[in-house]
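Using the sequences and the accompanying hints, generate a full structural model.
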Amino acid sequence: MLTIFKIAWRNLWRNKRRTLITTASVFFAVLLALVMRSMQLGSYDNMVKNAVSFYTGYIQVHKAGYWEDKSINETFEYTKSVEDEIKSEAGISSVTPRLESFALASSGNYTKGSAVIGTDPKKEAEFTQLNKNVTQGEYLKSRDKGILVGSKLAEYLRIKVGDSIVLYSQGYHGITAAGEYPVRGILDFPNPEMNKQTIYMSLSEAQYLFGAPNMLTSLAIMIDDPAELNEKVSDLKNKLGDQYEVMDWKEMMPELMQEIQADNAGGIVMLAILYVIIFFGILGTIMMMSMERKKEFAVMIAVGMRKVKLIAMMFFETIIIGLLGVIIGAIAGFPINLYFHFNPIHLSGRAAEAMEQFNVEPIIPFSMDPAYFLNQGIVVVIMTLMAFIFPLVFLIRFNVIKGMRN
Amino acid sequence: MAIIEVKNLHKIYDETNVPVKAVNGIDLKVEKGEFTAIVGPSGSGKTTLLNMIGGLDKPTKGEVVINDTKIHDLKSKDMINFRLMNIGFVFQAYNLIPVLTAKENVAFIMELQKVSRKDRNQRAMELLRNTGIGDKANYRPGDLSGGQQQRVSVARALASKPQFILADEPTANLDSKSTADLLDMMLEMNRESEITFIFSTHDQRVIDRAWRVVTIEDGKISSDKTREN
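Those protein sequence lines, which keep their order, are chains C and Z. All letters in the first sequence, in the order written, are residues 33 to 438 by this note's numbering. All letters in the second sequence, in the order written, are residues 138 to 366 by this note's numbering.
No lab work stands behind these hints, which were simulated from the structure alone. Do not take every clue at face value.
Computed list of lysine-lysine pairs in DSBU-like fashion (alpha-carbon distance at most 35 Å, straight line) [unchecked claim]:
#: 1; chain 1: C; residue 1: Lys434; chain 2: C; residue 2: Lys341
#: 2; chain 1: C; residue 1: Lys327; chain 2: Z; residue 2: Lys298
#: 3; chain 1: C; residue 1: Lys434; chain 2: Z; residue 2: Lys298
#: 4; chain 1: Z; residue 1: Lys357; chain 2: C; residue 2: Lys269
#: 5; chain 1: C; residue 1: Lys327; chain 2: Z; residue 2: Lys158
#: 6; chain 1: Z; residue 1: Lys212; chain 2: Z; residue 2: Lys273
#: 7; chain 1: C; residue 1: Lys327; chain 2: Z; residue 2: Lys314
#: 8; chain 1: Z; residue 1: Lys166; chain 2: C; residue 2: Lys269
#: 9; chain 1: C; residue 1: Lys269; chain 2: C; residue 2: Lys102
#: 10; chain 1: C; residue 1: Lys339; chain 2: C; residue 2: Lys271
#: 11; chain 1: Z; residue 1: Lys158; chain 2: C; residue 2: Lys434
#: 12; chain 1: Z; residue 1: Lys273; chain 2: C; residue 2: Lys434
#: 13; chain 1: C; residue 1: Lys102; chain 2: Z; residue 2: Lys198
#: 14; chain 1: Z; residue 1: Lys298; chain 2: C; residue 2: Lys164
#: 15; chain 1: Z; residue 1: Lys198; chain 2: C; residue 2: Lys327
#: 16; chain 1: C; residue 1: Lys38; chain 2: Z; residue 2: Lys144
#: 17; chain 1: Z; residue 1: Lys198; chain 2: C; residue 2: Lys326
#: 18; chain 1: Z; residue 1: Lys198; chain 2: C; residue 2: Lys119
#: 19; chain 1: Z; residue 1: Lys298; chain 2: Z; residue 2: Lys198
#: 20; chain 1: C; residue 1: Lys81; chain 2: C; residue 2: Lys271
#: 21; chain 1: C; residue 1: Lys339; chain 2: Z; residue 2: Lys298
#: 22; chain 1: C; residue 1: Lys339; chain 2: Z; residue 2: Lys169
#: 23; chain 1: C; residue 1: Lys326; chain 2: Z; residue 2: Lys166
#: 24; chain 1: C; residue 1: Lys102; chain 2: Z; residue 2: Lys362
#: 25; chain 1: Z; residue 1: Lys158; chain 2: Z; residue 2: Lys144
#: 26; chain 1: C; residue 1: Lys95; chain 2: C; residue 2: Lys164
#: 27; chain 1: C; residue 1: Lys327; chain 2: Z; residue 2: Lys212
#: 28; chain 1: Z; residue 1: Lys362; chain 2: Z; residue 2: Lys195
#: 29; chain 1: C; residue 1: Lys434; chain 2: Z; residue 2: Lys357
#: 30; chain 1: C; residue 1: Lys341; chain 2: Z; residue 2: Lys362
#: 31; chain 1: Z; residue 1: Lys314; chain 2: Z; residue 2: Lys298
#: 32; chain 1: Z; residue 1: Lys144; chain 2: Z; residue 2: Lys207
Quick caveat: nothing in here was measured; it's all calculated off a predicted structure.
And the structure:
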């Protein structure tokens, strides 16, 4: 078999230019696919990472049915056993309790609807780094009686740090929720909508306001490895049972998921085009290499070489062309992707503003997922094997006498 | 005793609307050690006859028996193996594997026969020396002259230690000196090692030196003359 491989290798270099052109076409297609997809996948990772770390987390646990209408009545009791149950799952990095509802915020003659989020200030700071969004005043303390207000909302209500606002809402099971709260700080988010309507307060104060002591609307969860998301969701569903709903970020932010899917579809179409180029490049070369050697094949069979060895020889020739392109493409693509993984492309201008509005850091880090490199190799090998069908059929049907007359 | 026996051999090509009788009832026996030329004009059926004797083509009717084996009864895989172990081929256009050196071309046949690396390299060198091109062992066919390539081709044919060698117009592409040298070499092998050669040719230089000349016309043997050696 070594000699067969040797002949195959040397055959490839009988027409150096043709082999180099074919290998180069595979190389450039693989390089382009690797860099393009790495950039695309990296940007998705960044979007997801930003989106989940901004607010939702990768997973949230609610009372079953909460997500449908997000009512304050659909709360669940915050017991240690629930949190322990969640934390006992390997790969959970943090859990943040929240009680969320809506309220009218009023100051003087100005009133506006707002989203009130009660949270554990310390855990929230670790989870979403909310403390970094405080542009005026100070961040909340553990059982703080004050609140943080979005910058545009504060502007609308004509309030500043140290002023008070009144919150008025419907609490748990229809009770009246009302209270006056001093403004501890002003929050500034990249997303204007957040600035216009968000109020943060400590969890204990929110529970008091809405008359829901020790109750939560959600437990937001971060995980160590996003690749294990489905597994974690499934495990938590099994552990917590039917009275809770366990949702991942894809369910909670379907618009982000759809945006990624739509963009990804474009990338896949582009990849498919590249793969077709690879396929026809290899097929064309292999067809020429088969057709121009009819007499040679005939002689080899005549002197005693079995067709299966000829097929093996053509297989080596085909696969070497494909693999050479893939390996060189991967070697060239790796440092490019590595560089941009650690030195992401920084966007500016409108592109940056658009991303910031979605609470996404305006950078494009390249993905270094080894599975993607492997997948590229597998796809090109499949393309190569498909191209090999031609010489395979050609040799199976090969007629020695006709080949001799060639 | 005949090593090759051709009985009532027919070959009709019916690829076109008009069937062509390339071989039309040939009976022939070839004894061990013969140096036989099958001659005749172009299209007379020489190559078709050789192809059927070599098991490359199937007869429409009749049979070829080599050492008691009806070769056309063999399955395709067995036929290839039979050729490998029993028949050496020399072609008009040499048809060496262009990417292998002279030595590798000769050794390749023995590798197909599963001869050990050491033995095949040793025998390949010996054969190349015997055919007068031991010094060109590491040259690829493209770097050799036509005559030298045909010598490698003969060495390759001999490599498998065949029962006989079939040579289809072996001198057609050679100049006079190369033809004479090649014939001298093959005759010497024939005399000294009793290697059986069967040629198809219309080259008078070969015909003059063959000791048996079988003439074919229109797919039939028109004469079969043996000269005293």
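Status of the hints after comparison with the structure:
no.	hint	in the structure
1	Lys434(C) <-> Lys341(C)	20 Å, holds
2	Lys327(C) <-> Lys298(Z)	24 Å, holds
3	Lys434(C) <-> Lys298(Z)	27 Å, holds
4	Lys357(Z) <-> Lys269(C)	89 Å, violated
5	Lys327(C) <-> Lys158(Z)	24 Å, holds
6	Lys212(Z) <-> Lys273(Z)	38 Å, violated
7	Lys327(C) <-> Lys314(Z)	27 Å, holds
8	Lys166(Z) <-> Lys269(C)	87 Å, violated
9	Lys269(C) <-> Lys102(C)	20 Å, holds
10	Lys339(C) <-> Lys271(C)	60 Å, violated
11	Lys158(Z) <-> Lys434(C)	17 Å, holds
12	Lys273(Z) <-> Lys434(C)	32 Å, holds
13	Lys102(C) <-> Lys198(Z)	90 Å, violated
14	Lys298(Z) <-> Lys164(C)	88 Å, violated
15	Lys198(Z) <-> Lys327(C)	27 Å, holds
16	Lys38(C) <-> Lys144(Z)	42 Å, violated
17	Lys198(Z) <-> Lys326(C)	28 Å, holds
18	Lys198(Z) <-> Lys119(C)	85 Å, violated
19	Lys298(Z) <-> Lys198(Z)	30 Å, holds
20	Lys81(C) <-> Lys271(C)	26 Å, holds
21	Lys339(C) <-> Lys298(Z)	22 Å, holds
22	Lys339(C) <-> Lys169(Z)	31 Å, holds
23	Lys326(C) <-> Lys166(Z)	32 Å, holds
24	Lys102(C) <-> Lys362(Z)	109 Å, violated
25	Lys158(Z) <-> Lys144(Z)	16 Å, holds
26	Lys95(C) <-> Lys164(C)	30 Å, holds
27	Lys327(C) <-> Lys212(Z)	23 Å, holds
28	Lys362(Z) <-> Lys195(Z)	27 Å, holds
29	Lys434(C) <-> Lys357(Z)	23 Å, holds
30	Lys341(C) <-> Lys362(Z)	42 Å, violated
31	Lys314(Z) <-> Lys298(Z)	27 Å, holds
32	Lys144(Z) <-> Lys207(Z)	10 Å, holds
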